[in-house]
Amino acid sequence: MSLTNTALLKVENLGVRFLMKSNMLLGKKTYLYAVDDVSFEIQRGETLAIVGESGSGKTTAALAAARLVKAYTGKITLDNTDMLQIQKEKLRQARTKVQFIFQDPYSSLNPRLRAEEIVKEPLNSLTNFSSQKKQTLVNDLFSAVGLRPEQQRLFPHQFSGGQRQRIGIARALATQPELIICDEPVSALDVAVQAQILNLLRELQSKFELTYLFISHDLGVVQHMCDQIAVMYMGKIVEYADRLSLFNSPLHPYTSALLSAIPSVDQKRRESTKRILIPGDPPDPINPPKGCRFANRCPVAKDICSQKEPKLQNTKNNHKVACHLVGETAVSPLKHLL
Amino acid sequence: MTEPLLSIKNLRIELNTRDGVAPVIDDFSFDLFPGEAISFVGESGCGKSMTALGIMGLLPEGVGKIASGSINFSGEDLSSAEPKRMRNIRGNEISMIFQEPMTSLNPVYTIGEQIAEVLRAHQGLSKQASWAKAIELLDAVRIPNPQARISDYPFQMSGGQRQRVMIAIALACEPKILIADEPTTALDVTVQAQIFDLLNDLRKQTGTAIILITHDMGAVAEMAERMIVMYAGRKVEEGPVQQVIDNAGHPYTQGLISCVPHILEKLTAERQTLQEVPGIVPSLRDFGKDRCLFASRCKYVSEKCNNARPTENKFSSSQTVACWHTESIQ
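Chain order of the listed sequences is Y and P. First residue of the first sequence? That's 19 in my numbering, and the numbers climb one at a time after it. First residue of the second sequence? That's 3 in my numbering, and the numbers climb one at a time after it.
Hints listed in this document are in silico derivations from the structure and should not be mistaken for laboratory results. From a predicted model like this one, the values you see are computed outputs, not experimental measurements. Keep in mind that a hint or two might mislead.
[Stated by the list, open to error] Covered stretches of chain P, going by a simulated chain Y footprint (3 or more residues, C-beta under 8 angstroms): (1) 84-93; (2) 99-113.
[What the hints assert, rightly or not] Keeping only pairs whose Cα atoms sit at most 25 angstroms apart, straight-line, the calculated SDA-like set for lysine to any residue is: (3) P:206 - Y:338; (4) Y:286 - P:277; (5) Y:286 - P:157; (6) Y:39 - P:157; (7) Y:292 - P:267; (8) Y:320 - P:146; (9) Y:338 - P:187; (10) Y:292 - P:67; (11) P:67 - P:101; (12) Y:292 - P:157; (13) P:268 - Y:284; (14) P:268 - Y:332; (15) P:268 - Y:134; (16) Y:292 - P:187; (17) P:268 - Y:337; (18) Y:286 - P:101; (19) P:301 - Y:221; (20) Y:286 - P:271.
The beta carbon of each residue, even a glycine, is placed where N, CA and C say it ideally should be.
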């Protein structure tokens, strides 16, 4: 944790929408609002995790934060730069500060490039370093991620999944970024290999003072990696708190259900946690329901929930939640069910 | 003690590879009792699915075959059964659901037709009767409004619903054994909880024995009574689930458990150290060699491990472990 406590990345009221259908004659357009009024910030050196199920908008939010998909509204401030206002050379410089690690180490590496060329790519496109300096950097990066120097000349298919993810990490580190967006970095890997990558990510974080935006659906991995955590449901953040508050005293019914759904090896947890089954599937994202988007699956929904949309509000200790039924006392509305 | 429903003895399944014949399953034995839920655990490439395909008689033709051993199912050896007999058993007595609910349903038939087909083929029901039963089954797997949904095509359903349809098809003929091969890996965690809940309930109602194939220890703890840990085509550990989790005897099992960050009863500020299992599963070329195949990744490794395949030993009253260093681990 940094002493100055300044946010490296600040995202305010971010919105991303995709055009689904447009009717030229009526001038009517149908949009899918993948990310809707999302705000979060990450302090230097910390890790913010965004969790949610598929289709909740977590990846889109991260892509938009790095300006890799277009946000139609909102403000993104990275290191005091307004990311949505800058162009060309300024943008190129800003991009060196944000890098990505992708989910699938099989499809995110160009099969025709040698490992060293893959790692060099961001240096070629984002910096003006001499080729000698680039090579020195690549050498350092390979040893930092635990690959041997002679492996630089190999092609992606000659590596295992875990090693490929190491190449992806080396590539992300190449431009000496401050923020790394890790999009499900271990979910495509075998369990035994996951630990290697998670340990490496934590080691690199303290070594290079990195800030992570960590996206995952696996709450076990998330609790291990994050400092802060935001839970998304259908394009909105429904709960936002620090690691201990969120896992030990979740407030939003969706978060409670999500946590209770995780199968656990801990017999004590299995016996003490009552599983809250939420029926059905999320509603159609093109026509989101009025009011709270979780209302139709919520075990404690009241009338107000399907009429008025709850805003993300602070309860105590910066524990934010978007639920009508969580009062200022910050008691989970599911307390009687647990 | 009751007779096992399925008893596999010294099973060896060989695959033809570019480097010659490789035993993907090597001297593998286990018993499954009626109504029991067991789980095969291990990384990908350890032979969990191959064992399942071997039991089902679905090994890729010309590539894989059962080289030796027996698969005894209610007094009948499935390893030498005629293809016609196997067709009869599959779906009727032993069913399987797969990992990918997206690709295991036929996209050009309605789900009703796909469920009814099983009932007509195996139980000789009429068109009408099979359709009515299909609606009942959809209701049993908790798909809302089954009357209307039965005419839907797979693309009209979500991933969780498709997996429910797969379960409906698998359970249509009330099989004695259901093999679930990573049934929830492609699904979200809340949907996974729904599917586990459904499988547990159906098991209670019908008494179907379940073989769950997974790499998720949490899922094992949730679903199964007994687990078999597999590594490189061999059984390395077997025992009651909670006992193995609390006190794993094989270094590989210990690795599988401690390499994953778990959500425990109460989260503390301190984070668990994740135990790395270095390296990866050996290539098929090394399968079947007369040594411990885990040796190259093991911290207890000694000369003996590289010279002879470890035998299965009792670790505790109901737990067996195949490791030369059981004593020092104990």
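Here's how the hints hold up against the structure:
1. 84-93: violated (count 0)
2. 99-113: violated (count 0)
3. P:206 - Y:338: 41 angstroms, violated
4. Y:286 - P:277: The given pair, whose Cα atoms are some 22 angstroms apart, holds under the 25 angstroms limit.
5. Y:286 - P:157: Cα-Cα ~40 angstroms, so violated.
6. Y:39 - P:157: 20 angstroms, holds
7. Y:292 - P:267: 12 angstroms, holds
8. Y:320 - P:146: Since the Cα atoms of residue 320 of chain Y and residue 146 of chain P sit roughly 22 angstroms apart, the hinted pair holds (cutoff 25 angstroms).
9. Y:338 - P:187: 31 angstroms, violated
10. Y:292 - P:67: 45 angstroms, violated
11. P:67 - P:101: Cα-Cα ~23 angstroms, so holds.
12. Y:292 - P:157: 33 angstroms, violated
13. P:268 - Y:284: 10 angstroms, holds
14. P:268 - Y:332: Distance of about 23 angstroms is within 25 angstroms: holds.
15. P:268 - Y:134: Violated. Residue 268 of chain P to residue 134 of chain Y sits at ~44 angstroms, over the 25 angstroms cutoff.
16. Y:292 - P:187: 22 angstroms, holds
17. P:268 - Y:337: Judged against 25 angstroms, a Cα distance of about 18 angstroms means the pair holds.
18. Y:286 - P:101: Since the Cα atoms of residue 286 of chain Y and residue 101 of chain P sit roughly 29 angstroms apart, the hinted pair is violated (cutoff 25 angstroms).
19. P:301 - Y:221: 22 angstroms, holds
20. Y:286 - P:271: 19 angstroms, holds
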